[in-house]
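Line by line, the protein sequences give chains V and U. If you use the numbering used here, the first sequence corresponds to residues 1 to 210, in order. If you use the numbering used here, the second sequence corresponds to residues 1 to 134, in order.
Hint data in this document are derived by calculation from the structure and do not stem from the laboratory. Glycine residues also receive a C-beta, built at the ideal position from the N, C-alpha and C atoms. A couple of the hints might just be wrong.
Under 8 Å between C-beta atoms, here's a sample of chain V residues computed to sit facing chain U [said to hold, decoys possible]:
{"no.": "1", "residue": "Pro108"}
{"no.": "2", "residue": "Met111"}
{"no.": "3", "residue": "Asp113"}
{"no.": "4", "residue": "Leu120"}
{"no.": "5", "residue": "Leu121"}
{"no.": "6", "residue": "Leu131"}
{"no.": "7", "residue": "Glu134"}
{"no.": "8", "residue": "Lys138"}
{"no.": "9", "residue": "Glu144"}
{"no.": "10", "residue": "Lys145"}
{"no.": "11", "residue": "Leu147"}
{"no.": "12", "residue": "Ile151"}
{"no.": "13", "residue": "Lys160"}
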Amino acid sequence: MIFLRKALSQGKRERQVVEDMKRHIRLLCTACGSFKSALEKDNRSLVHDVIDLEREGDSIRREIISKVHDGAFLPYIRPDLCKFVEVVDGVFDILEDTALFYLDAKLPEEMQDECVRVALLNQRICEMLLLTFEAMLKGEDLSEKTLAVRIYEKKVDDIKFDLFRDIRKTPINNFWEGKVLADFLSGLTTISDIIEDASDYVQIINVAMK
Amino acid sequence: MKFREFMTTRIESIDCDKSVYDAIEKMVDRRIRSLVVVFPGNETENGVITARDIVFKALAKGIDLKKTKASHVASRPLYCVDKNTELDDMAKSMQEADVARIFVCDGEKIIGVVSLMDLMTATLVRRARGNDLS
């Protein structure tokens, strides 16, 4: 554990990378929060905030990868760090796609509340990812944090089952209307899966550095 | 609402005149462990039928599932807590009433149900978040 602290705190480049990684996850929490607000208030203009945040996230990802390949951290840990950043960036991508589907989707009123709940859970699981990452930096035990991530993911899974059962009963006018709605729900309920993967990578980095 | 993210907001119900068999079918189809038994026009009489009720009050006694009404094996009254109830108080209410699930109400309206499993996971998440469940 002492090695982990040393590895993550020594050197200016390492500190910068760690700060950027935290900024990346925080930005994702903000993006998830904006998307939840957009759904809750049915305010489609808020969706553009998500798109802007995704672009900012992309730029942070490039900075991190560039700094890591420029010599931050020992070579053996770099692939895991880069993979973690790529997985977090993957969440931004799915969130953006889902937000864009939302702009075009005709969301049935009776599904609105459940979709907002999923968006709230996505925001919560993202906050938990940040707490897990910070706990790793402090050298704390991660088990309770990763369990919380899995609990949130299971909650989303339970709602997903009901949402996809409901969607089959929803009347649609044409193929594209149905496809956009299905893609929106699929994206909304996949976000937590990817964040869970990111949390697994935090655990891998933690173990790799011991 | 402090408990919003953990409670189940989809409340499934069955009419009091339906049979225990109908209740079982609905529970199996929806993958749920309880149903609100509704007494139309007299909501204060509403009860809940759980897997426990079905096993102990119907199956174990060998009664005819298709001829017995769901209301006959339902537990009453429904235990409810206010939507603003804190996690710890909710646990206390469930312990005192000796029930495995409690309904969350906004006035007279049921807006969710919290099971022991939900309580357990909410408590674990609260610990992971440093006791912040706002």
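Could you tell me which of the numbered hints above are not met by this structure, giving the numbers in increasing order? Result: hints 1, 2, 7, 8, 13 break, sorted rising.
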